[in-house]
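Engineer: Below are the chains, spelled out letter by letter.
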Amino acid sequence: MLSSPPVRLGELVSAVTALSARELPASLTCDVLGSEDLPIRRLGTLSDESDGVLSFVANPRYRKHLSSSRAVAVFCAPALVDALPTGCVAVVTPEPYLAYALASQWWSARAVPDALTAASSSSSVHPSACVDPGAHLAAGVEIGPMVVIERGARIGAGVRLGAFCFIGAGAEIGADCILHPHVTVSERCVMGSRGIVHSGAVIGADGFGFAPEPLSGRWIKIAQLGAVRLGEDVEIGANTCIDRGALDDTVIGNGVKLDNLVQIGHNVQIGDHTAMAGSVGVAGSAVIGAHCTFGGGAIVLGHLTVADRVHVSAASVVTKSISTPGHYSGFFPIDDNASWERNAVSLRQLDALRRRVKALEAAALNTGG
Amino acid sequence: MLSSPPVRLGELVSAVTALSARELPASLTCDVLGSEDLPIRRLGTLSDESDGVLSFVANPRYRKHLSSSRAVAVFCAPALVDALPTGCVAVVTPEPYLAYALASQWWSARAVPDALTAASSSSSVHPSACVDPGAHLAAGVEIGPMVVIERGARIGAGVRLGAFCFIGAGAEIGADCILHPHVTVSERCVMGSRGIVHSGAVIGADGFGFAPEPLSGRWIKIAQLGAVRLGEDVEIGANTCIDRGALDDTVIGNGVKLDNLVQIGHNVQIGDHTAMAGSVGVAGSAVIGAHCTFGGGAIVLGHLTVADRVHVSAASVVTKSISTPGHYSGFFPIDDNASWERNAVSLRQLDALRRRVKALEAAALNTGG
Amino acid sequence: MLSSPPVRLGELVSAVTALSARELPASLTCDVLGSEDLPIRRLGTLSDESDGVLSFVANPRYRKHLSSSRAVAVFCAPALVDALPTGCVAVVTPEPYLAYALASQWWSARAVPDALTAASSSSSVHPSACVDPGAHLAAGVEIGPMVVIERGARIGAGVRLGAFCFIGAGAEIGADCILHPHVTVSERCVMGSRGIVHSGAVIGADGFGFAPEPLSGRWIKIAQLGAVRLGEDVEIGANTCIDRGALDDTVIGNGVKLDNLVQIGHNVQIGDHTAMAGSVGVAGSAVIGAHCTFGGGAIVLGHLTVADRVHVSAASVVTKSISTPGHYSGFFPIDDNASWERNAVSLRQLDALRRRVKALEAAALNTGG
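Protein chains in written order, with the working numbering: chain A, 1 to 369; chain B, 1 to 369; chain C, 1 to 369.
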């Protein structure tokens with residue numbers, strides 16, 4: 001699939017170790033055991049049978065797959081070097097997965113011709129784009145076809161906006177952000193630098209706020225006067241929604257990563273470097289800590305507080321605040337349908353069963369006494 | 001953030017009490033205890049430390065937050081007037097949350113320069129919009145950039161269509177609807193007056209209907225010949241999907257409010273003033289009553305009937321029809337992961353446990369006899 | 001709603017039986033019992049009171065509804081012919097639902113004037129579309145308004161692209177595909193022939209891949225170098241997301257049907273003719289078999305394998321690989337809230353309860369011995 005000329009591992013590794021200080025943790029260094037002159041044609045998995053694959057092994061469990069790999073070079077931890085097949089170059093690092101991540105960025109920027117990466121220093125605005133004269137575009141932006149930018153919006157240096165992006169009045173897109181096609185950033189919302197937003201994401205739709213009219217039961221809309229503020233290095237998945245606040249803003253911390261189809265309600269706060277997998281939902285005014293992770297489909301109810309370093313399993317429902325770091329779960333274990341049905345029926349009588357056991361215990365105590 | 005000139009509380013309150021008859025319930029009146037001349041600069045929460053905040057307190061539980069509030073005026077119930085700090089104006093009403101909702105609409109329309117509210121009486125069609133000559137636009141519409149309106153579509157008076165909206169052939173958008181950027185309304189779908197649709201919502205995609213071919217297992221598509229009909233005052237969240245019917249229409253009642261990322265299957269019917277939070281899913285042909293509420297991530301299976309005034313908790317799965325109003329729940333309680341694992345393992349043997357208890361009871365009976 | 005001239009049943013049935021060999025299973029034949037000259041004006045349900053309804057009955061449970069139907073003709077199985085009301089024409093087939101599906105396609109193509117069906121042999125490209133000179137358009141394509149097609153993309157014969165579709169660089173859209181408005185197909189992704197994609201779907205956003213930086217907890221992005229490959233006859237629902245692979249491609253088999261708001265993670269593989277209902281989520285690298293079905297909101301965790309012909313109930317979480325065909329379930333049964341609360345509390349002590357029962361059994365054994 002990739003038809004660019006091969007690069008040499010030496011060049012690759014020097015590039016990895018020479019990445020900018022922001023990108024490269026000081027602790028990450030790679031030692032190359034073997035020839036540095038092998039041509040790398042592709043990043044791939046250990047089982048990729050293509051020629052010239054640079055691969056990685058991050059988990060010691062995969063040791064057994066190493067001997068049969070056709071990779072020409074592998075990022076690996078020191079303990080796995082001896083498991084590599086003969087002739088395979090070891091690129092040794094205590095953090096092979098991290099090294100692979102950095103290498104993949106490097107590869108994407110240089111070897112994938114159509115990758116959406118940092119724009120050049122000269123700006124380009126597609127003639128079909130509709131940019132309000134009252135919007136401000138910094139240097140080096142790349143504005144794709146059919147983009148709409150409203151009055152007062154500010155587009156930072158190096159930003160790339162894909163086709164059909166909508167930037168509302170007064171919104172601000174920080175430097176070096178990449179917005180893929182079909183992204184909506186509503187009025188007055190703010191993105192920090194180096195953010196990435198995937199197609200179909202909606203940042204700044206109205207929060208879901210209504211006051212019930214007591215007699216009629218009609219819902220009276222509460223105007224959503226706040227906005228959304230995203231920190232730096234935030235990545236937002238496809239068709240994910242982050243609602244604007246009712247009075248204050250919805251606030252997403254630095255380095256937060258949200259997968260696709262995630263729903264973030266109004267006035268939610270998410271701490272730095274928290275990650276949420278696909279289809280997670282966070283209801284309004286929940287306050288989520290830093291360095292948390294949420295598995296796919298997890299739900300957080302409104303107005304709760306979740307501490308830093310809390311990890312919630314997929315499909316689990318956070319119904320009360322969590323103040324202690326740790327791993328939390330709550331979903332019904334899957335089973336063959338007949339077994340599930342039997343257990344589900346019994347579950348609906350569980351409290352009664354518990355009382356029956358209590359009665360048996362009391363009776364046994366009496367009998368024993 | 002808001003730089004408009006301050007408004008006086010007297011003006012605000014008179015505006016609130018002077019809103020149109022449709023907006024303002026006759027029962028809602030506010031008594032102002034204190035000076036009516038305080039300048040209001042912002043609607044805010046009780047803890048907002050900005051100058052000139054008009055706030056509200058809807059829940060008696062928040063009484064304790066009142067004394068430390070810097071708000072200059074507060075919508076509150078009569079019972080909370082004595083808890084306000086000295087100098088703070090009480091705007092007294094039996095329905096402070098409702099009053100706040102109405103005030104927020106008023107504020108948004110007058111003080112937020114870029115709010116999408118009712119269009120002026122003169123129409124505007126952005127030159128980049130693509131409007132079929134066979135479409136009909138009523139007076140006072142505002143058609144944003146890059147909008148596409150197909151033949152036979154009818155756009156009611158005062159409608160505002162944001163950028164990139166698509167209105168399919170023969171669709172009808174009722175008067176005073178607001179469609180935010182990137183909304184799709186497919187052919188022949190109908191929206192009642194005063195609807196609001198947020199970005200990315202898709203109204204009228206094909207329902208999910210296929211007939212299995214017995215031998216091959218291939219799925220043969222069933223053409224979806226119906227449409228979607230939305231009542232008046234309906235609000236649809238970002239990236240929410242409402243599918244068109246297979247034969248008859250999918251029908252959403254008046255005043256229904258759907259949050260973001262909600263999925264409504266084909267031929268669903270939803271009664272008036274029902275509200276569904278984010279990521280709810282309703283499978284095909286379900287019939288939902290009026291004045292129901294569904295928590296985030298709840299699921300309703302297909303072909304079921306749910307009565308009026310049924311309230312379903314978040315993440316609960318409605319697997320059978322519900323004929324009695326009430327509050328229904330069904331999700332696994334979250335726990336620390338180790339506890340959850342132990343209980344989940346036991347849960348898979350629950351029916352066996354129930355039978356063991358039954359045997360113990362029988363034995364105890366024999367022993368006792 | 002449909003104002004096209006009536007068609008005659010004879011014409012309809014001959015059309016059904018004369019559909020192309022690809023569309024019509026050889027085993028499907030219809031016998032018409034009654035006049036073939038009844039004018040059909042509408043496909044409808046058995047309870048549709050319109051004039052000239054052609055209906056169907058697929059489930060013997062609906063026998064009781066037949067006698068009161070006003071339909072002029074009904075697709076039905078031989079065993080139900082005697083239940084039809086007098087004068088109603090029986091279109092007899094062992095597979096009435098399949099016959100109805102085929103008839104609905106035929107009806108849509110001929111009687112619904114705005115149906116998106118196969119384009120004519122001459123191409124049309126809307127003047128507002130933005131097609132890169134380096135893109136390749138086959139014969140007979142229909143490119144809607146505001147469409148963007150990037151360099152190197154290939155659009156197959158007979159393809160219809162709705163308004164605002166985005167086809168990225170090097171992507172390939174197979175012959176006779178229909179993409180509704182607002183679809184995103186990212187760079188290098190490939191769709192097989194006869195695919196249908198509904199509005200807002202995003203094919204080829206980046207997979208959710210990050211390496212944690214050990215000390216800082218920052219997430220380092222892993223460039224997503226793979227693409228998405230869809231087989232033939234695939235249908236993708238509105239706002240559904242299928243992520244591109246990290247190294248290899250995400251692969252969706254022939255005949256797969258995904259409903260709305262489905263999330264497919266990177267490097268997932270889905271076998272032929274598997275169907276997933278709304279809001280399903282499949283995490284990265286899961287391998288799903290052929291002929292599977294997933295109920296709405298079901299979740300499959302990452303790196304699992306699911307065998308062919310596995311059927312997962314709605315809202316169930318697949319947490320381990322499934323190697324045996326069958327029906328699997330796992331969700332908390334819904335109950336009135338008070339009962340649910342009692343049982344949920346007991347559930348959190350279930351393992352302790354199990355141990356208490358064990359102790360009782362041991363005590364009973366001692367007593368008995």
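Check the hints yourself; a few may be wrong.
Treat identical chains as interchangeable: a pair holds within one or across any two.
As the list claims (entries may be wrong) - Pairs of lysine to any residue residues, derived as SDA-like cross-links and limited to a Cα-Cα distance of at most 25 Å, are as follows:
hint: 1; residue 1: Lys358; residue 2: Thr293
hint: 2; residue 1: Lys64; residue 2: Ala77
hint: 3; residue 1: Lys320; residue 2: Tyr62
hint: 4; residue 1: Lys358; residue 2: Tyr97
hint: 5; residue 1: Lys64; residue 2: Pro85
hint: 6; residue 1: Lys64; residue 2: Val32
hint: 7; residue 1: Lys358; residue 2: Trp106
hint: 8; residue 1: Lys64; residue 2: Gly34
Hints in this document: simulated from the structure, not taken from any laboratory.
Engineer: Return the numbers of the hints above that this structure violates; sort them in rising order.
Structural biologist: 1, 4, 7
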